[in-house]
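S.K.: With the hints as constraints, model all of the structure from the sequences given.
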Amino acid sequence: MQRDLGSFPLSPAVRVKLVSAGFQTAEELLEVKPSELSKEIRISKEEALETLQIIRRDCLTNIPRYAGTSESGKKCTALELLEQEHTQGFIITFCSALDNILGGGIPLTKTTEICGAPGVGKTQLCMQLAVDVQIPECFGGVAGEAVFIDTEGSFMIDRVVDLATACIQHLHLITGTHMEEEHQKALEDFTLENILSHIYYFRCRDCTELLAQVYLLPDFLSEHSKVRLVIVDGIAFPFRHDLDDLSLRTRLLNGLAQQMISLANNHRLAVILTNQMTTKIDKNQASLIPALGESWGHAATIRIIFHWDQKQRTCVVCTYVSSKVILKGTLKIFLLIFVTVTVFEHSKNLKFYFLTTVFLRREPMLVHFFASCTLRPKYLLKHRYGNFFYMLL
Amino acid sequence: MAGKKLRRVGLSQDLCERLLRHRIVTCQDFLCLSPLELMKVTGLSYGGVHELLCVVSRACAPQMQTAFRMKTQRSADLSPAFLSTTLSALDEALHGGVACGSLTEITGPPGCGKTQFCIMMSVLATLPTNMGGLEGAVAYIDTESAFSAERLVEIAESRFPEYFNTEEKLLLTSSKVHLYRELTCDEVLQRIESLEEEIISKGVKLVIIDSVASVVRKEFDTQLQGNMKERSKFLAREAASLKYLAEEFSIPIPFLGDLSFMPVGTTATHILTSSSCLPVAQISLLNPKPTCPSLSWKSPTRCCIATSNSECPGLSFQNDHFSHFPYLV
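So the protein sequences, as listed, match chains A and B. At position 336 of the first sequence (counting the first as 1) the number is 336 in our numbering, and the numbers step up by one without a gap. Every number in our numbering is 393 more than the matching position in the second sequence, counting from 1.
FYI, nobody ran anything at the bench for these hints, they're computed from the structure. Some clues are possibly wrong.
Under the rule of at most 20 angstroms between Cα atoms (straight-line distance), these lysine to aspartate or glutamate pairs were calculated in the EDC-like manner [claimed, not checked]:
id: 1; chain 1: B; residue 1: Lys-398; chain 2: A; residue 2: Asp-242
id: 2; chain 1: B; residue 1: Lys-433; chain 2: B; residue 2: Asp-407
id: 3; chain 1: B; residue 1: Lys-622; chain 2: A; residue 2: Glu-294
id: 4; chain 1: A; residue 1: Lys-110; chain 2: A; residue 2: Glu-80
id: 5; chain 1: B; residue 1: Lys-626; chain 2: A; residue 2: Asp-244
id: 6; chain 1: B; residue 1: Lys-397; chain 2: B; residue 2: Glu-641
id: 7; chain 1: A; residue 1: Lys-280; chain 2: B; residue 2: Asp-614
id: 8; chain 1: A; residue 1: Lys-33; chain 2: A; residue 2: Glu-47
id: 9; chain 1: B; residue 1: Lys-433; chain 2: B; residue 2: Asp-422
id: 10; chain 1: B; residue 1: Lys-464; chain 2: A; residue 2: Asp-189
id: 11; chain 1: B; residue 1: Lys-433; chain 2: A; residue 2: Glu-47
id: 12; chain 1: A; residue 1: Lys-280; chain 2: B; residue 2: Glu-623
id: 13; chain 1: B; residue 1: Lys-464; chain 2: A; residue 2: Glu-193
id: 14; chain 1: B; residue 1: Lys-622; chain 2: A; residue 2: Asp-244
M.R.: As structure tokens, this is what we get:
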């Protein structure tokens with residue numbers, strides 16, 4: 001293996017000694033025994049063994065990579081992924097319109113960001129999802145547990161008790177009409193005590209505690225393998241007032257986002273992050289945009305932005321949504337009109353307008369493409385929904 | 394927790410000295426570095442650095458609690474969850490009163506009765522528990538010098554005449570209200586940060602801040618560019634310290650914001666929105682005739698809106714009880 005020694009995760013002191021002793025590629029090192037190495041470059045035998053193990057491990061995994069499967073690559077075909085995506089569960093939000101837009105609910109193995117003005121209901125939605133993730137599989141749920149990392153202190157235990165009680169009542173109503181055995185049995189375990197015991201709550205007061213907790217999460221998740229949802233309520237709050245250095249903040253946030261994505265993939269869970277809104281002043285016009293800057297906008301896979309529209313909540317979903325959803329009846333026509341109007345507004349070109357309408361009618365998938373071209377997520381998908389939690393007290 | 398020195402975490406002495414040379418002293422400095430920088434600084438391999446990160450994280454990470462444990466703790470807790478305001482409609486809207494363990498913001502135009510409301514709350518907090526009070530001391534941070542001890546005595550006498558029938562009881566109540574006059578933002582922040590010791594030593598059960606907006610308005614001119622950021626940072630720090638105090642000691646902390654009117658055509662909107670994402674409950678006192686503030690305190694009814702946060706439409710109702718404040722004409 002002609003790989004250069006500098007590319008291995010060795011400690012810097014050992015690397016310097018190896019280079020000064022004349023070792024340049026991994027191949028040269030593989031032939032040497034630990035005791036010989038330790039004598040030659042004057043390091044302890046344990047360090048020599050560790051070094052050789054690192055190199056051997058990385059080299060051996062390289063060879064099978066060209067042949068087929070490997071552990072570190074996680075290769076699979078798109079067909080396998082399609083099968084996985086069909087069978088993977090969604091965590092329902094109990095708001096049918098929102099669930100429809102998202103294609104069934106909050107998807108697993110993806111990160112979702114929820115933004116909105118203060119008071120619109122982000123924490124309420126998170127608490128609802130922490131209860132919904134525990135719905136048994138025979139009722140269409142995921143039967144998992146939830147981790148709730150709270151940075152703002154807005155978690156209200158009394159409200160969670162209300163939500164859990166309402167969910168249990170709702171499921172009882174369903175079994176009342178269906179009368180199936182497995183439903184009855186599953187419902188026996190779905191008690192208030194069980195629901196509350198499976199929500200793991202961490203209160204992080206500043207960004208250091210948040211970072212520390214996220215470093216420890218993989219170990220926690222390996223111990224509690226049934227966790228299917230990780231909620232970080234208020235990822236913006238510790239980073240907005242604690243850190244002065246913006247570049248440090250961006251770096252930490254990106255690191256956090258990467259860790260979240262890898263958690264979501266490795267442990268097959270959904271990650272939900274809540275963000276605040278900030279005012280952007282653009283040519284004497286102030287508008288509300290999600291906080292934490294432009295680079296954070298790329299961190300989450302799905303972004304849901306809530307607004308107040310007089311007394312109604314409206315939400316905008318900025319993401320790829322599968323075409324199955326867009327093709328649902330009147331929504332399709334509504335959407336096509338919306339998008340074409342927007343594109344026309346931007347281009348002010350009649351020919352372009354006609355071209356796009358022709359295109360869009362024939363190719364629903366292009367709807368997303370044109371919508372994203374407008375760069376105004378407000379127009380991507382706009383859908384009103386009424387009573388936020390229609391099954392609740 | 395963030396300021397925990399690495400020495401106490403359990404790292405070896407020479408490792409700590411090595412980190413000290415690179416000016417990494419606390420857990421916060423350690424966790425803000427990337428793994429590559431850590432490898433360079435500590436001289437360990439990637440696996441070693443990862444282990445070290447776990448050790449340091451375990452030292453500053455919070456404890457895990459299940460929601461069930463929180464619920465049982467809550468129900469086993471003897472201290473009350475709310476401080477009732479004795480105004481029945483308001484208590485109903487707030488589901489019990491001013492919540493203990495969280496922040497409540499009280500806003501309203503000048504002259505509608507916010508400071509009077511706070512003085513009344515301080516009387517209520519000193520009452521014994523069988524009368525609905527918290528039986529503790531009150532820390533009153535006053536930035537506008539609007540607190541009047543005579544007014545406190547007057548309210549106590551007229552509100553609870555049967556209880557405060559002797560001179561002694563009135564003196565006892567007034568001795569339990571600790572007044573702190575702070576006139577600048579920095580002083581307010583310092584006072585909040587040193588409040589913890591006062592809370593423990595004097596048995597404080599209620600902290601009132603009157604008002605947050607006035608100091609901020611005085612010092613931060615929103616016309617200037619950089620000031621908005623500074624102001625938000627200051628407010629966020631203040632709120633974080635207050636939240637910590639509220640949660641640690643389970644005390645309610647009402648603080649006064651301010652309502653300013655936008656120019657003609659709109660109804661009252663809150664300007665102090667940078668802090669509006671922070672408090673849990675917000676009570677806005679509005680007058681039915683906002684255009685004539687000089688008549689406001691003479692009008693018999695006040696409209697009160699309790700919202701869970703500034704911009705959402707909340708429950709509103711008329712409340713006649715505010716008129717029971719005897720006003721000096």
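S.K.: None of the hints should be skipped; say for each whether it holds.
M.R.: A quick look at each hint next to the structure:
no., hint, verdict
1, Lys-398(B) x Asp-242(A), "18 angstroms, holds"
2, Lys-433(B) x Asp-407(B), "15 angstroms, holds"
3, Lys-622(B) x Glu-294(A), "17 angstroms, holds"
4, Lys-110(A) x Glu-80(A), "17 angstroms, holds"
5, Lys-626(B) x Asp-244(A), "9 angstroms, holds"
6, Lys-397(B) x Glu-641(B), "19 angstroms, holds"
7, Lys-280(A) x Asp-614(B), "18 angstroms, holds"
8, Lys-33(A) x Glu-47(A), "12 angstroms, holds"
9, Lys-433(B) x Asp-422(B), "15 angstroms, holds"
10, Lys-464(B) x Asp-189(A), "19 angstroms, holds"
11, Lys-433(B) x Glu-47(A), "17 angstroms, holds"
12, Lys-280(A) x Glu-623(B), "16 angstroms, holds"
13, Lys-464(B) x Glu-193(A), "10 angstroms, holds"
14, Lys-622(B) x Asp-244(A), "11 angstroms, holds"
When held up to the earlier numbered hints, the structure conflicts with none and fits them all.
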